Amino acid sequence: MALLELKNITRRFGSLEAVKDVTLSIAAGEFFTLLGPSGCGKTTILRMLAGFDAPDAGDILLDGVSLAGVPPEKRPLHTVFQSYALFPHMTVAGNVAFPLEMAGRSGDEIKRRVAETLSLVHLTDKAAQFPPELSGGQTQRVALARGLVNQPRLLLLDEPLAAPDANLREETQAALIALQRAVGITFVFVTHSQQEALALSHRIGVMKDGRIEQCDEPDKLYTAPANRFVADFIGKINLIDVEVAASSKVLLTLRAAGLGEIAATDPRPLKPGERGAFALRPELIRIYGHQESADLKNRFAGRVKELLYLGDVTLYKVELANGFVVEALMPNAAPGRAKFHEVGDAVAVCWRHDAGVFLRA
Amino acid sequence: MKARDATAGATLTRWTVVAPPTLFLVVFFLLPALIVVAASFREPGEFGGLAPWPAHSLDAYRFLFGDVIYVEIFARSFLVAALTTLLCVVLAYPLAWLIAKSPAKRRDLLVLLVILPFASNFLVRIYAWIMILGPAGLLYSPFAVIAGMVYVHLPFMILPLYTNLEKHDPALLEAAQDLGASAWTRFWRVTFPLSLPGIVSGSALVFIPVLGMFAVPELLGGTGDILIGNLIKAQFLEDRDWPLGSAFSIMLTLLVLALAGLTAWAARRGLHGTQAVS
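In order, the protein sequences belong to chains B and C.
Each residue of the first sequence is one higher than the one before, counting from 313 in our numbering.
Each residue of the second sequence is one higher than the one before, counting from 199 in our numbering.
Source of the hints: derived by calculation from the structure; they are not laboratory data.
Small disclaimer: the values here were computed from a predicted structure and weren't measured.
Derived DEER-like restraints, expressed as beta-carbon distance ranges:
{"no.": "1", "chain 1": "C", "residue 1": "I313", "chain 2": "B", "residue 2": "P383", "range": "35 to 41 Å"}
{"no.": "2", "chain 1": "B", "residue 1": "R424", "chain 2": "C", "residue 2": "A456", "range": "42 to 48 Å"}
{"no.": "3", "chain 1": "C", "residue 1": "K299", "chain 2": "B", "residue 2": "Q507", "range": "37 to 43 Å"}
{"no.": "4", "chain 1": "B", "residue 1": "A645", "chain 2": "C", "residue 2": "T205", "range": "57 to 63 Å"}
{"no.": "5", "chain 1": "B", "residue 1": "G376", "chain 2": "C", "residue 2": "V288", "range": "43 to 49 Å"}
{"no.": "6", "chain 1": "C", "residue 1": "V288", "chain 2": "B", "residue 2": "R324", "range": "37 to 43 Å"}
{"no.": "7", "chain 1": "C", "residue 1": "A458", "chain 2": "B", "residue 2": "E483", "range": "47 to 53 Å"}
Below are the EDC-like pairs computed for lysine to aspartate or glutamate, each with C-alpha atoms no more than 20 Å apart in a straight line:
{"no.": "8", "chain 1": "B", "residue 1": "K386", "chain 2": "C", "residue 2": "E372"}
{"no.": "9", "chain 1": "B", "residue 1": "K617", "chain 2": "B", "residue 2": "E631"}
{"no.": "10", "chain 1": "C", "residue 1": "K299", "chain 2": "B", "residue 2": "D365"}
{"no.": "11", "chain 1": "B", "residue 1": "K583", "chain 2": "B", "residue 2": "D553"}
Residues from chain C that keep clear of chain B, each with C-beta distances beyond 12 Å, as calculated:
{"no.": "12", "residue": "S255"}
{"no.": "13", "residue": "F263"}
{"no.": "14", "residue": "E416"}
{"no.": "15", "residue": "T461"}
Where is the CB? At the ideal position from N, CA and C, for every residue including glycine.
Let the sequences and hints guide you as you build the complete structure.
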């Protein structure tokens, strides 16, 4: 049985439907992420889980029991707030002890659990300090310790990794994954950063306008987006407007206006004339010199319009015959060479027939 | 050279800004205080005022420490001030909280209502209390004095408390609730400790003026309700013993300073961490 179940949750604010008929099921031990742009309803869902808000329709079940009418202080789950919300008048140890005191644990147990949890987040030496004296990273870890110390059934995290420094962010992400594995507590994480979601989660629910657009494992979301929004929101992608020319079990032929035919595959039976988008990741595209031959099914002539040299890779923007600018990411992996094409070069843009995905409109 | 000119210019600017208020404080605060200190060591004149220089004595202090009634009056004054402060905290807290929790638009109006009584004359408002307490048979009693004191000083408690409470991060209360705290616990473990700086500033604004207040006990209190303020005033106006009045004033100032020092020391030790919202 799933640990947490959301059944047809709807939440309205006036005429605005912030959450529309969301159904989700999260297993014990999972690191689940709700990902979406701001205003997509992900924070509203989190607040309904914590009990600060209630759905207008639908039900939330924890261990099979409805949470309807249970106030936040009675729910066996804790939240790590976006602002961390550490108590400024209590020491680090006092903050971490707080949920244990509320649960009525004995003094000895509180002492032991606080010490254990602080050592888990490497803050033993900061126990006697006050939150305003801590760095951003330390504050983050105190907030995590406070949320985890009483071993809630579920830990909700509201975009708590908003660290400005990219290095620190990567470090924190690695630490968070290790921490979740160590404590074995189910995490429900909310973020607008697709990079964060991909790096941390076991499963991601991508949200838009109050709905879950797709809910899947990170690599599946990346390689097989269900629709245009998910494809565009997660990572970089080229979206070419196409219509189905012919469809068979082994080959799907798409027609792009002014470009010609694109060879692809799709297990679904598609009707000729059906419109949609062809989605192609930049790293799956190869760029060759005009004269070079390559044994790839899709080959289109173009001209390098712009390039962005990034060291390990170069991002080329190539304009095709129909005016569409395709982005291609090429590794600079040849000894002694770091760049292969210049702006203005006539090139051939190629990709395998199974590289892209056809998305129905 | 240029740098030094700039520094000199900055120094000049600083002095131009700082000098007028400094001068004002020296002339109207420091000098009069020193005059009071000097007066306490002189002798009273035959028809009031001070006896001609160089007559001086420690009579005023001998007198002050010689009569237990003065200790009683000092003790009663501190008791009245403490009681007034306590009642002000109890009455002001819910009001300040209510204002702080109101929608931003209504807050200004409510704050205006708190300070509105200042728009009418203080004595007129005390006379109004005579009209209220007289028919009830409560006039000229300790109750009347405390009621008047609380009435006059309540806004000085509400405003600093409101300023403090308004700055509290609502996320802290949500966090406390999320971690299992009931409404009552949330108040005592989060809101109240964080509001202590507000209570301390409000208490200073109430306690100290109450100690020196003579109009309220004079108009609302009975013969047994005189406080330090009345005592000092009487020495200068009715009894014409300026040195004794000065000695009383100095005593009061010293006691208040000692108390303020003690509070500041306790605050630095006990309220650690609350600077975040003070």
